[in-house]
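One line per chain: the protein sequences are C and Z, in this order.
Mapping of the first sequence onto my numbering: position 366 corresponds to residue 366, and the numbering continues sequentially without gaps.
Mapping of the second sequence onto my numbering: position 466 corresponds to residue 937, and the numbering continues sequentially without gaps.
Hint data in this document are derived by calculation from the structure and do not stem from the laboratory.
Quick reminder that beta carbons are idealized off the backbone N, C-alpha and C, glycines included.
Errors might be hidden in some of the hints.
List time: in silico SDA-like cross-link candidates among lysine to any residue, alpha-carbon distance up to 25 Å [stated by the list, open to error]:
| # | chain 1 | residue 1 | chain 2 | residue 2 |
| --- | --- | --- | --- | --- |
| 1 | Z | Lys-802 | C | Lys-260 |
| 2 | Z | Lys-802 | C | Tyr-139 |
| 3 | C | Lys-54 | Z | Lys-812 |
| 4 | Z | Lys-844 | C | Thr-98 |
| 5 | Z | Lys-812 | C | Ile-132 |
| 6 | Z | Lys-710 | C | Thr-74 |
| 7 | C | Lys-134 | Z | Leu-806 |
| 8 | C | Lys-137 | Z | Tyr-798 |
| 9 | Z | Lys-844 | C | Pro-275 |
| 10 | C | Lys-260 | Z | Ser-700 |
| 11 | C | Lys-80 | Z | Lys-812 |
| 12 | Z | Lys-844 | C | Asn-72 |
| 13 | C | Lys-54 | Z | Asn-862 |
| 14 | C | Lys-80 | Z | Gly-699 |
| 15 | C | Lys-130 | Z | Lys-579 |
| 16 | Z | Lys-579 | C | Ser-2 |
| 17 | C | Lys-134 | Z | Leu-809 |
| 18 | Z | Lys-812 | C | Leu-277 |
| 19 | Z | Lys-812 | C | Thr-74 |
| 20 | C | Lys-73 | Z | Met-890 |
| 21 | Z | Lys-812 | C | Ser-138 |
| 22 | Z | Lys-844 | C | Leu-277 |
| 23 | C | Lys-54 | Z | Leu-775 |
| 24 | C | Lys-80 | Z | Asn-945 |
| 25 | C | Lys-54 | Z | Lys-724 |
| 26 | Z | Lys-802 | C | Leu-87 |
Here are some of the chain Z residues that sit facing chain C, going by a computed Cβ distance under 10 Å [said to hold, decoys possible]:
| # | residue |
| --- | --- |
| 27 | Ser-479 |
| 28 | Ser-553 |
| 29 | Arg-667 |
| 30 | Leu-806 |
Counterexamples of contact, computed for chain C against chain Z with all Cβ distances above 12 Å [as the list claims (entries may be wrong)]:
| # | residue |
| --- | --- |
| 31 | Asp-3 |
| 32 | Gly-29 |
| 33 | Leu-43 |
| 34 | Leu-140 |
| 35 | Arg-191 |
| 36 | Asp-265 |
| 37 | Arg-267 |
| 38 | Asn-403 |
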Amino acid sequence: MSDYKKTIGIEVHCELKTNTKMFSTSTNGYQMVANKNICAIDLAYPGTLPIVNKYAVELALKAALLLNCKINKTMHFDRKNYFYPDLPKGYQITQARTPIGVDGYVEIEVNGIKKQIGIHDIHIEEDTAKSIHKDDKSYLDFNRAGVPLIEIVTKPDMTSSEEAMAYLEKLKEILFYANVSDCKMEEGSMRCDVNVSISKDDNLGIRTETKNIGSISSVGLAINVEAKRQEEVLESGGIIKEETRRFDEKAEKTILMRVKESGNDYRYFPEADIPYLVLTDEFIEDTKATIPVMPDTRRKIYRENNISDINIEKIIQDKAISDYLLNFNNINLKIASNLLLGDIRAYLNKTGKTIEETTLTIEKFKTVVNKLDSGEIPNKVFKDILVDLLETNKSFEEIIKDNNIETISDTSSLLEVVTTVLDNNEANIIEYKNGHDRVLKFLMGQIMKETKGSANPALVNKILLEEIEKR
Amino acid sequence: MSKYLDLSIKEINNLLKNKTIKPLDLVEEAFERIENNIDLNCFITLDKENAIRKAQELENKKVDNLLFGIPIAIKDNIMTESLRTTCASKMLENFIPTYDATVIKKIKAKNMIIIGKTNMDEFAMGSTSQTSYFKSPHNPWNRNMIAGGSSGGSASCVSARLVPFALGSDTGGSIRQPASYCGIVGMKPTYGRISRYGLVAFASSLDQIGPMTTNVYDNALLLNILVGSDEHDLTSSEKEEEDFTRFIGEDIKGMKIAVPNYFLSDIIDKETKENVEQTIEILKNNGAIVEYVDIKYLDNAVTLYQIIAMGEASSNLARFDGIRYGYSYEKPENLEDLYRKSRAIGFGKEVKRRIMVGSYLLSGENATVYYNKALSIRDDMRKSFKETFKNYDLIIGPTTTTTAYKLGEGLDDPRQTFMDDVLVIPVNMAGLPGLNVPIGFSKNNLPIGLHIIGNSFEEAQIYKLAAFIENELNLNLNPTGGRE
Chain C
1 MSDYKKTIGI
11 EVHCELKTNT
21 KMFSTSTNGY
31 QMVANKNICA
41 IDLAYPGTLP
51 IVNKYAVELA
61 LKAALLLNCK
71 INKTMHFDRK
81 NYFYPDLPKG
91 YQITQARTPI
101 GVDGYVEIEV
111 NGIKKQIGIH
121 DIHIEEDTAK
131 SIHKDDKSYL
141 DFNRAGVPLI
151 EIVTKPDMTS
161 SEEAMAYLEK
171 LKEILFYANV
181 SDCKMEEGSM
191 RCDVNVSISK
201 DDNLGIRTET
211 KNIGSISSVG
221 LAINVEAKRQ
231 EEVLESGGII
241 KEETRRFDEK
251 AEKTILMRVK
261 ESGNDYRYFP
271 EADIPYLVLT
281 DEFIEDTKAT
291 IPVMPDTRRK
301 IYRENNISDI
311 NIEKIIQDKA
321 ISDYLLNFNN
331 INLKIASNLL
341 LGDIRAYLNK
351 TGKTIEETTL
361 TIEKFKTVVN
371 KLDSGEIPNK
381 VFKDILVDLL
391 ETNKSFEEII
401 KDNNIETISD
411 TSSLLEVVTT
421 VLDNNEANII
431 EYKNGHDRVL
441 KFLMGQIMKE
451 TKGSANPALV
461 NKILLEEIEK
471 R
Chain Z
472 MSKYLDLSIK
482 EINNLLKNKT
492 IKPLDLVEEA
502 FERIENNIDL
512 NCFITLDKEN
522 AIRKAQELEN
532 KKVDNLLFGI
542 PIAIKDNIMT
552 ESLRTTCASK
562 MLENFIPTYD
572 ATVIKKIKAK
582 NMIIIGKTNM
592 DEFAMGSTSQ
602 TSYFKSPHNP
612 WNRNMIAGGS
622 SGGSASCVSA
632 RLVPFALGSD
642 TGGSIRQPAS
652 YCGIVGMKPT
662 YGRISRYGLV
672 AFASSLDQIG
682 PMTTNVYDNA
692 LLLNILVGSD
702 EHDLTSSEKE
712 EEDFTRFIGE
722 DIKGMKIAVP
732 NYFLSDIIDK
742 ETKENVEQTI
752 EILKNNGAIV
762 EYVDIKYLDN
772 AVTLYQIIAM
782 GEASSNLARF
792 DGIRYGYSYE
802 KPENLEDLYR
812 KSRAIGFGKE
822 VKRRIMVGSY
832 LLSGENATVY
842 YNKALSIRDD
852 MRKSFKETFK
862 NYDLIIGPTT
872 TTTAYKLGEG
882 LDDPRQTFMD
892 DVLVIPVNMA
902 GLPGLNVPIG
912 FSKNNLPIGL
922 HIIGNSFEEA
932 QIYKLAAFIE
942 NELNLNLNPT
952 GGRE
């Protein structure tokens, strides 16, 4: 194993989920046709001036609050000057001196160990146009020009690809759940650049920046590949240069894009077209109030409701399901989540519907969960009536009635079945009395088999225990 | 040849109202005058066809305001939809805007008639209008002389009575200095008073559009319709609209007026100084209190201006890259070549000089050493002005150090031409309103102007004093009016 230590810092760009662009009223959204969501401001026509999208500021503020940042209550914008065809004004409006948030952190967990990754700053800026190169020609699509972005810059606090990936997963989860961004790396609404250096001692090595990596797992891979490349260079007596590289996923190599000149000269200076923005305490409080229940709080609730760790993560992965569960308290969340992750999700996947598009009202779902919880209906029945629940406006009771479903709740007929099963399995009774609890499950199964699943499980359980006790 | 355009706006308005004349008469007279004075080079683009059409349209409309049907000329750095807007540059020689600047919308809403786009220094960079890609405008008082700049075409056409109104823009004196050289009234309002949306940016923190007219009342009248907050310009002020003519005609008894010592120091030409001193005597004799004060950093204003204006300009002009609009080099070898040649050929010498100096001033450590330092000294200068306004209503001095000079001069020393604006620049730096009003003539019969500076948003006070002086002096300011 290598005795070099890795030091990693990450810059993430996220497109904000707004209706309009950062500095104009053009639509911010997916557009098939090139140069459709544009106006004179986006194209930097002479005489145009920027306006500020307040909702974008609100989303950026929300992100800064969730990343535990200190808020620059008096903030302004700066110009970053450089020439590139995708940059219509010849400068990007960004925040250099007064980023909206500074000095925050994100808590991650790797192999059971918790760690805080420091956030250097989070600032608001605008996206560039898209260059498309075809044959020997270049084309420009300005639909993306001026789309609001936040850039989140970490401190060099990560020491492994696992930590880097955990940080990105966590960041993505926070921003996605807070409705700040779609965070779709594959569509470019979340993009990351990774700074990596290696060193044998406490002095930091020279770092390189690897740009535009396509997925979180690729980030992990890119870090390891780049660290290994740096090690090979150092071990063969070479030196690492400050440079920008890109990750070739197929070749599993980082490839040199350009060597960084001594300090890129972006000629930053204050954007005079936009006055200072003052984020009032009221605005900050109002923004805080729009923050929904975040994933870690949801995890805690699920854990308290005895949902398995695997299922907890499955729910968190599916925000629609997790959000749906927020509608309920005082129901058995474990049963509810099983239904949602199982048959209901399968139905939704098959039909392409969202849960809101089905006829499963909150009231109806609550009834179903409670009936299952009390044992009044067995799981089998739920499966039978699933389509009715999701596709008709009938109430639960009507569905049960219309399907001629009878649940065996008649004590005497159940007692008969229980007695027969116990008679046939005397050895198991002894085993149970010797402390093997799982035998009970087997006996339950036998009874349900005899009743073809129509028995009320809670009632069966009660009679079974009573009868075993008697023997 | 009719002489309606020599009448006052109120008189014209009455004639329009009682249908003695039609807007078309005014438009035709304006074009007749323009065509007779084509050698003044006031205009880059004339819009005769549309002006006539608009005038005809207005015949069926009610004359509902004083500016109705009045011809106006627009400086060629203000966007006019479908009407070529060049900034006097090869870069935009064929540029047709897709939208109207906010001020143009306001002018059109009052049914004024746009006659054409006036000549200027390229991208408003210059003090003589000689950096124009087109032929330089001349001074109607002496056609061998400059009209001043950068709003030289606007000043010249108003001075020559070709049109009664023009819009200029003022980043470091570009309305007031040519107004002084041409003997007209030019106002640079408080920063933020008028929306900059649609004004091609030179230095964003200094630029301001303003009215240029033959007299004070007309100037206030035009300002009335230009002001107001604009959702398209975040730096536009929320101040409510007001009637800037409201103090015109009042006496000036008890008015407290400050004269900065620097404004009458030996940088000022003797004749100009004498004229200003005579005006001061008149003010004193009419009950105004005139005192001499010191305002900090006035002598540094040009340096500060160069740093801030060129820094901002280098960034503002980056968008002219030959890709989306404007001049684009025809056969570039690659992207770098496209940038280099489009900008090298599309921009003139002075513009390129300022972009280069500005880029240097913002580079690396220079941003801290120069730009940020300039901003902080500028703040101090602003405070010093504010201090003065605690004790005084207005500040006055000469607008320019000399009268207009010969065409062709001032081209070989780019730094010297900045000195033409030494007295007007501080007003932009402090964001204050300032106005030129003519107060006399030199021996060579060239106009001399008084510069009146007000506190922020106190334009109405400036007009009060300016109108009083105008009335007292009663000068014949028509260069064709047979003055000796």
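Right, here's what the structure says about each hint:
1. A hinted pair counts as satisfied when its Cα atoms are at most 25 Å apart, and Lys-802 of chain Z with Lys-260 of chain C does not qualify at roughly 30 Å.
2. Our distance criterion of 25 Å between C-alpha atoms is met by Lys-802 of chain Z and Tyr-139 of chain C, whose separation comes to about 17 Å.
3. The suggested pairing of Lys-54 of chain C with Lys-812 of chain Z is violated, with an alpha-carbon distance near 40 Å, which exceeds 25 Å.
4. Taking the CA atoms of Lys-844 of chain Z and Thr-98 of chain C, the gap is about 18 Å. The hint holds against a cut of 25 Å.
5. In summary, the hint linking Lys-812 of chain Z to Ile-132 of chain C is supported, as the alpha carbons are separated by about 23 Å, within the 25 Å threshold.
6. Between the alpha carbons of Lys-710 of chain Z and Thr-74 of chain C the distance comes to roughly 23 Å, so the proposed pair stays at or under 25 Å and holds.
7. A distance of roughly 15 Å separates the Cα atoms of Lys-134 of chain C and Leu-806 of chain Z; the hinted pair therefore holds under the 25 Å criterion.
8. Distance hint between Lys-137 of chain C and Tyr-798 of chain Z is fulfilled; the C-alpha atoms sit about 20 Å from each other, no more than 25 Å.
9. A threshold of 25 Å between alpha carbons decides the hint, and for Lys-844 of chain Z with Pro-275 of chain C the separation of about 19 Å falls inside it, so the pair holds.
10. A threshold of 25 Å between alpha carbons decides the hint, and for Lys-260 of chain C with Ser-700 of chain Z the separation of about 45 Å lies outside it, so the pair is violated.
11. Restraint check for Lys-80 of chain C and Lys-812 of chain Z: satisfied, since their Cα atoms lie roughly 23 Å apart, inside the 25 Å limit.
12. Of the pairs offered as hints, the one joining Lys-844 of chain Z and Asn-72 of chain C holds, with about 23 Å between alpha carbons and a cut-off of 25 Å not exceeded.
13. For the suggested pair Lys-54 of chain C and Asn-862 of chain Z, the alpha carbons sit about 40 Å apart, so the restraint of at most 25 Å is broken.
14. For the suggested pair Lys-80 of chain C and Gly-699 of chain Z, the alpha carbons sit about 31 Å apart, so the restraint of at most 25 Å is broken.
15. In summary, the hint linking Lys-130 of chain C to Lys-579 of chain Z is not supported, as the alpha carbons are separated by about 38 Å, beyond the 25 Å threshold.
16. Only pairs whose Cα atoms come within 25 Å are accepted, and Lys-579 of chain Z paired with Ser-2 of chain C is rejected, the gap being roughly 75 Å.
17. A hinted pair counts as satisfied when its Cα atoms are at most 25 Å apart, and Lys-134 of chain C with Leu-809 of chain Z qualifies at roughly 19 Å.
18. Annotation: proposed proximity of Lys-812 of chain Z to Leu-277 of chain C is violated, straight-line Cα distance about 39 Å (limit 25 Å).
19. Straight-line distance between C-alpha atoms of Lys-812 of chain Z and Thr-74 of chain C comes to about 42 Å, which puts the hinted pair past the 25 Å bound.
20. Taken as a hint, the Lys-73 of chain C and Met-890 of chain Z pair is broken in the structure, with Cα atoms around 41 Å apart against an allowance of 25 Å.
21. This hinted pair checks out: Lys-812 of chain Z and Ser-138 of chain C have alpha carbons roughly 19 Å apart, not beyond 25 Å.
22. Taken as a hint, the Lys-844 of chain Z and Leu-277 of chain C pair is honoured in the structure, with Cα atoms around 22 Å apart against an allowance of 25 Å.
23. For the given pair, Lys-54 of chain C sits about 34 Å from Leu-775 of chain Z by alpha-carbon distance, which is inconsistent with the 25 Å threshold.
24. Under the criterion of a C-alpha separation no larger than 25 Å, the hint pairing Lys-80 of chain C with Asn-945 of chain Z is inconsistent with the structure, at around 53 Å.
25. Between the alpha carbons of Lys-54 of chain C and Lys-724 of chain Z the distance comes to roughly 49 Å, so the proposed pair goes past 25 Å and is violated.
26. As the CA atoms of Lys-802 of chain Z and Leu-87 of chain C are separated by approximately 22 Å, the hinted pair is consistent with the 25 Å bound.
27. With a cut of 10 Å, the hint placing Ser-479 of chain Z at the interface with chain C is violated, because the nearest CB-to-CB distance is about 33 Å.
28. The beta carbon of Ser-553 of chain Z is not positioned within 10 Å of any beta carbon in chain C (closest approach about 14 Å), and the interface hint is therefore violated.
29. This hint holds: Arg-667 of chain Z has a C-beta 7 Å from the nearest C-beta of chain C, less than the 10 Å allowed.
30. The restraint placing Leu-806 of chain Z at the interface with chain C holds, with a minimum CB-CB distance near 7 Å, inside the 10 Å limit.
31. The non-interface label for Asp-3 of chain C is consistent with chain Z: the shortest C-beta to C-beta separation is roughly 38 Å, beyond 12 Å.
32. A cut-off of 12 Å between C-beta atoms confirms that Gly-29 of chain C is not in contact with chain Z; the least separation is 22 Å.
33. Remark: the non-interface label on Leu-43 of chain C conflicts with the geometry, its nearest Cβ contact in chain Z lying 6 Å away (cut-off 12 Å).
34. Once the 12 Å rule is applied to beta carbons, Leu-140 of chain C is inconsistent with being away from chain Z; the minimum gap is 8 Å.
35. Taking the minimum C-beta to C-beta distance to chain Z, about 23 Å, the non-interface status of Arg-191 of chain C holds against the 12 Å cut.
36. With a closest Cβ-Cβ approach of about 5 Å to chain Z, Asp-265 of chain C is found to fall inside the 12 Å limit, against its non-interface label.
37. For Arg-267 of chain C, the condition that its CB be more than 12 Å from all CB atoms of chain Z is violated, with the nearest at approximately 4 Å.
38. For Asn-403 of chain C, the requirement that its beta carbon stay farther than 12 Å from each beta carbon of chain Z is met, with the minimum near 61 Å.
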